[in-house]
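Asker: As a plain string of letters, each chain reads:
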Amino acid sequence: MIMRKLLAAGSACGLMAALACGLLPATAHAGEPVPGATPKVELVLDVSGSMSAKDIDGQSRMSAAKQAFDDVVDSTPDGVELGIRTLGANYPGDDRKTGCKDTKQLYPVGELNRDQAKSAVATLQPTGWTPIGPALLAAASDIKGGDGTHRLVLITDGEDTCAANPCDVARQIAAQGVDLTIDTLGLVPDTHTRSQLSCIAEATGGTYTTVQHRQQLTTKVKQLVDRSTDVAVTPTATQGADTCAGAPVLKRGLYSDRETFSQNRWYRVDVRPGQELRASATVSDDRSVNADYGVLLRGVTLHGREIVRDDESGTGRTDAVSAGIRYPKPKADDDDTPAETVCLQVGNSFSAPASVKTTPGLPVELSIDLVHSPDQPSDVAFYGLGRGWWLLGLLAATGIVAGLITGWAARWRLNTGRTR
Amino acid sequence: MRTLRLIGAVTLLAAAALTSLTGTALADDSSATPDPSASATGSDAPPTQAGTDFRTATVVGQGVQATADASAGDYLYWQFPADTGQHVTVHATVTFPTTSTRHGASSWQVDVYDGLRRRQPCRYGTQTATAAASATSVDLVCHLRTIRSWAEPWSNDPLRGAYYVRVTVLDLPSTDLGQPVHATVEATSDGTAGSQAVDGSVAPVVTANGPRVAPSDGWAGTWWSPRWLWTGGGGLLAILLAFAGHRLARGPLRPPAPSRPPMYDRPDRPREPAGYGD
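Protein chains in written order, with the UniProt record's numbering: chain A, 1 to 420; chain B, 1 to 278.
The shape of chain A in the complex, shown without the other chains (with noise of 0.2 Å):
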């Protein structure tokens, strides 16, 4: 009797796990990104005067480029729009102000040519000066629309020569809301173009990569190229408020905000009885920060009373910090229960230096996720059963204890006559 109830018990609990666990997951991938989107990539060649020196393989670092953009032009995948963007290719003159504002499209983004893409490129001669700041620009208006990814791969051999600090420049143009990432790629490992390229790379999550070898800087184009056919999920712009008040509801969904430092956001989730909200928020330290910093996400209800909270600190390195919270809202008995708003006050503690600019705020990325989850722990482990020598023993012992008192019964109806 005991087993049979065990095992009725394990077996319907079994059956309920299996419908929670197997069906559930199922529903839960609706968000994936298009799969016709179009990633853009636009490669930045810097073609000043400098890279005439040799010292690439005992190459010029002008041909190592245009051999690895060969190259990247023969393999880049299909469905993928390249274009080609020069800066100080034209202007070999003195005059600082026209040198800065020499950029130029060579190749237009859109379906790739291959050939013409590789004679466009066999005409550069290195010319004139770097301006890295206002070729990003232009690059960022060539690259933009679409619902792709983007992505630009900047490749020079010095720092920005002209005035503008292009660190700067991809901040603003990261800020703009459009879904870019920067990779920049030095030619010379020189202190002052590898703090550069390495600012502009973090400002955008990008990377930064220094380049000694020919098939090294071939490799690492393609790598980049590659990338911008990966899936990812563009997130949507948001807002966040000060105020619970005054917040924008979010549905489910990935979203982007700025914050300054030391700030808070608030947004509104609207949880039905019976889903779980799931969100996390990660701040992206785009800048130099102070070593110390933490961000912090609470779920509040609209009349002030936290629900829960998770908050994560750290220290040394890092790209990014991130926070995220559980509520699973039990069930109500009648449908007509209405949704429940949640506030979520996404917090962060990061400082920095006062040399360091604090607009555009840090990047906010805040996923959000409703899903159907049991707001209780069942009463039963593992279907419920047991371990361990007391259970045996209290088996035992119920067995031992059940078998004499049927055992006396017997003898007593025995011995009594009752039974022959």
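Simulated from the structure, these hints should not be mistaken for laboratory data.
Predicted model only: the values in this text are computed from it and were never measured.
One or more hints might be untrue.
[To be verified] Label pairs and their calculated CB-CB ranges: (1) A/145 - B/130: 44 to 50 Å; (2) B/48 - A/70: 52 to 58 Å; (3) A/52 - B/104: 28 to 34 Å.
Glycine included, every Cβ here is placed at the ideal spot set by N, Cα and C.
Using the hints, position chain B against chain A.
Answerer: Below, chain B alone, put in the same frame as chain A:
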């Protein structure tokens, strides 16, 4: 006498059951049970790229070695599924190619985040390691807490779902920034849901705003646990002891002898079993 012999047999059986139980109880936490989620989801070859943030983290299955060529200073992200009851270990190796010259020691770190992007502590393992300038590689290990089927919303206990791995350099000479490195990551797991099983279950913590992450044979959760043996063996033991107790308490059944009048000249005692005293 017959009762005694029966009790002896029952005791023997019970002892055998107990021995087998102890054996499996010991095996509870070992890696004896095959891992049901050992292969990747929908991927035929191990990935050779890493993502650059949570959103683009490369999906890799457990037991699959993912590799990536990157630059020192990059943040490399992967994600893998982990199911209830698993003790997950993440191994990461960063190799420095011989072609690049490095100017000083660099320290590297592996971080593991759960599906809600909450940082998970490592129970043990070399999470951070420093590579000397002459070192060719550095090994990082993070051993997570046991994945639980349910936890309070206020705790950050690891739940089944996606787990993110981040490998990055923490500190390096600025002259070495951007140098090529090669990273390898593998997540493995062992254990069953036996000793660590808790009440309840939670839908897998995998965000819908990203790629599909699931073990190759789904989120069934493991059905196997030594608890089956404990409970089943206990039930068997109870039945055997109940039977033995019943026989002991009831005493021997006298053979029916209505055809013959009782013999009053002999004392009434149970019959010797056949073969007794051989």
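Asker: Taking the hints in turn, state whether each one holds.
Answerer: Results for each hint:
A hinted range of 44 to 50 Å holds for the C-beta pair residue 145 of chain A and residue 130 of chain B, which are about 46 Å apart. Between residue 48 of chain B and residue 70 of chain A the C-beta distance comes to about 23 Å, which lies outside the given range of 52 to 58 Å. At about 32 Å, the beta-carbon gap between residue 52 of chain A and residue 104 of chain B stays in the expected band of 28 to 34 Å.
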